[in-house]
Structures are given as structure tokens and as C-alpha cells.
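As you go down the protein sequences, you meet chains A and B in turn. Per my numbering: the first sequence = residues 1 to 120. Per my numbering: the second sequence = residues 1 to 147.
Derived from the structure by calculation, the hints contain no laboratory data. All values reported here derive from a predicted model rather than from experimental measurement. One or more of the hints may lead you astray.
Claimed, not checked - Rough simulated footprint, nothing fancy, chain B against chain A, three-plus residues with beta-carbon under 8 angstroms:
no.	segment
1	46-56
2	106-117
What the hints assert, rightly or not - Away from chain B, derived, C-beta distances all over 10 angstroms, residues of chain A:
no.	residue
3	A37
4	L67
5	G80
6	G93
7	T97
Cβ atoms here follow ideal geometry from the backbone N, Cα and C, with glycine treated the same way.
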Amino acid sequence: MASPIGAKRLVVGAHYGLGEWLAQRLTAVVLGVYVIALGVYVIVQRDLSYDTWSALFVPLWMKIVTLLALAALLYHAWIGMRDIWMDYVKPTGLRLTLEFATILWLAACAVWSAQILWRV
Amino acid sequence: MRSDPIFLTMTTTHASAKPRPQFRNLNLSQLVAYRLPPAGWVSIMHRASGAALFLLLPWLLWLFDLSLTSDLSFDRMREYASHWLVKLVLLATVWALLHHLIAGIRYLLLDLHIGIGKQSSTTSALWVYYVSLPLAVAAGLRLFGVI
Numbered sequence: 001m002a003s004p005i006g007a008k009r010l011v012v013g014a015h016y017g018l019g020e021w022l023a024q025r026l027t028a029v030v031l032g033v034y035v036i037a038l039g040v041y042v043i044v045q046r047d048l049s050y051d052t053w054s055a056l057f058v059p060l061w062m063k064i065v066t067l068l069a070l071a072a073l074l075y076h077a078w079i080g081m082r083d084i085w086m087d088y089v090k091p092t093g094l095r096l097t098l099e100f101a102t103i104l105w106l107a108a109c110a111v112w113s114a115q116i117l118w119r120v
Numbered sequence: 001m002r003s004d005p006i007f008l009t010m011t012t013t014h015a016s017a018k019p020r021p022q023f024r025n026l027n028l029s030q031l032v033a034y035r036l037p038p039a040g041w042v043s044i045m046h047r048a049s050g051a052a053l054f055l056l057l058p059w060l061l062w063l064f065d066l067s068l069t070s071d072l073s074f075d076r077m078r079e080y081a082s083h084w085l086v087k088l089v090l091l092a093t094v095w096a097l098l099h100h101l102i103a104g105i106r107y108l109l110l111d112l113h114i115g116i117g118k119q120s121s122t123t124s125a126l127w128v129y130y131v132s133l134p135l136a137v138a139a140g141l142r143l144f145g146v147i
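The following block holds chain A by itself, in its conformation from the complex (with noise of 0.2 angstroms):
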């Protein structure tokens, strides 16, 4: 019996779902809220301080609101550079490759981020 799948879809491709999809809008809106916020604070501040800046961390809510924003953009980030390797870089081995180096990349990334934010 032929597979319900069908010969056409890919092993690595984009689950063919609306999740991904949803997400990146959801991700964006997280982060344009989040991004306008910290930009208006900065442009108002004017010259920040050291003081004023980290003062700025120190909250609770405002560590964790930060490493929110940060895992929004880290999954947003995951799913536009998938895009972008499931667009560009047609051999399955190479894209395999470079979308798990994107995953491990990324992951470091909020591991970092929380090291930073939680040492303020």
C-alpha cells in the first residue's frame, strides 16, 4: 500500500503546518512591543549612565519580561533562518547540518542571555 504521506514531501521539510507560521507572528508581536518599549526608554534617557542602565535590570519582572523577549526572538530567529536554509540549500544533508548548527547557535544564545541578565 502507498504511503498516505505521499512521495512528494520532504523528510526535512516544514511539517507543512500552521504552527511555525503562527508562532512567527506571535514571536513578532512579543518583540516589537518589547523592542519599541527599550528603544523609547533609551531615546528619552538620552545619555544613560551605567547606574540608570543597570538599575534598569535589577526588577525581577524586568529580568524575566527581558528573557521572554529573548526567547521570542530566538524562536522567531529559529524560524526565519529555517526559512531561509528550506529556501537556499536544496542538499538534505547540508540542511540538516546547518539547521541544527542554527538550534545549537540559538540555544547557546539563551543560555547566555540568562547568565547576563541574572548576574545584574
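Given chain A's structure and the hints, the job is docking chain B onto it.
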């Protein structure tokens, strides 16, 4: 096994069908000659700016780390960022972020079926540049100490 003519015709057609046409990305010589409409430019620059931000991410995290670790590292970051080459990369980062953000807002509106007409989508594509470029110029003037 069915043997009515219409079924046989269908299966025969299927078996001898030409290979499906593939529409791949343009190659480089086509790309140079290809005149993109404004919305096309917004689209490809949205992708390019996103990729640039991804590549710049470790550098930005490193700067963020320097800015928060101590007042000494904060001063070290300011000194590092006072070099014209670093300022230029920072300006490119600000432009990439502005373009990605504003084009992204346009895409979210298009997803909500706002402004999907041919004329209105062209106008909004141009507006992405009308907003992002002056803001990037302002950021550049601020970075290089003009304002």
C-alpha cells in the same frame, strides 16, 4: 481491473506525464537584471535584515553583557563603541532592526487583510522606507555625534 476508455486514458496520461516543472530561485545573472517592485524590495530586505540580525546576535549579546557586568565594563563598551568602524556596524544594525520592525508591522497588517490591494500595498511598501530610512539617518547622526 476497469477497462472503460476514460479510465485507461487517465492512467496512460499519468504514466507518460512530463516531469513537473520546477520553479527554483532566480540565478545571479537573472537577479541582477530583475526589476523588483517596492513591495519586492521590502520583502527581500526584510529577509536580508533578519539574516543580518541573526548573524550579529552574538556580537550584540556580547555588548549587552559588557554594558551590564560592571561600571568598568560599561566604560570599556563605550570606548569600544567610540571607534568609527564599530559605529558603522552599529548603524547597520539599527537600520536592519528598523527595516525589519517596520516591514514586519506591515506584514502583520497584511496578514489581517489590511491594505492588501495592489495600490495600497505598494504605497505601504514605500512607507516602510519613508519611516525606516529617516529614523536610521537620525540614529546615524546621533551615533556620530552630530545631534
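Going down the list of hints, with the structure as the test:
1. Using a Cβ-Cβ cut-off of 8 angstroms, 4 residues of the segment 46-56 of chain A lie near chain B, which meets the minimum of three, so the contact claim holds.
2. Using a Cβ-Cβ cut-off of 8 angstroms, 5 residues of the segment 106-117 of chain A lie near chain B, which meets the minimum of three, so the contact claim holds.
3. The claim that A:A37 is not at the interface with chain B holds, since no C-beta of that chain comes within 10 angstroms of its own (minimum 12 angstroms).
4. The claim that A:L67 lies off the interface holds: its Cβ sits roughly 12 angstroms from the closest Cβ of chain B, which is beyond the 10 angstroms cut-off.
5. The claim that A:G80 is not at the interface with chain B is violated, since a C-beta of that chain comes within 10 angstroms of its own (minimum 5 angstroms).
6. At roughly 19 angstroms, the least C-beta separation between A:G93 and chain B is larger than 10 angstroms, which holds for a residue marked as non-interface.
7. With a closest Cβ-Cβ approach of about 17 angstroms to chain B, A:T97 is found to remain outside the 10 angstroms limit, as its non-interface label requires.
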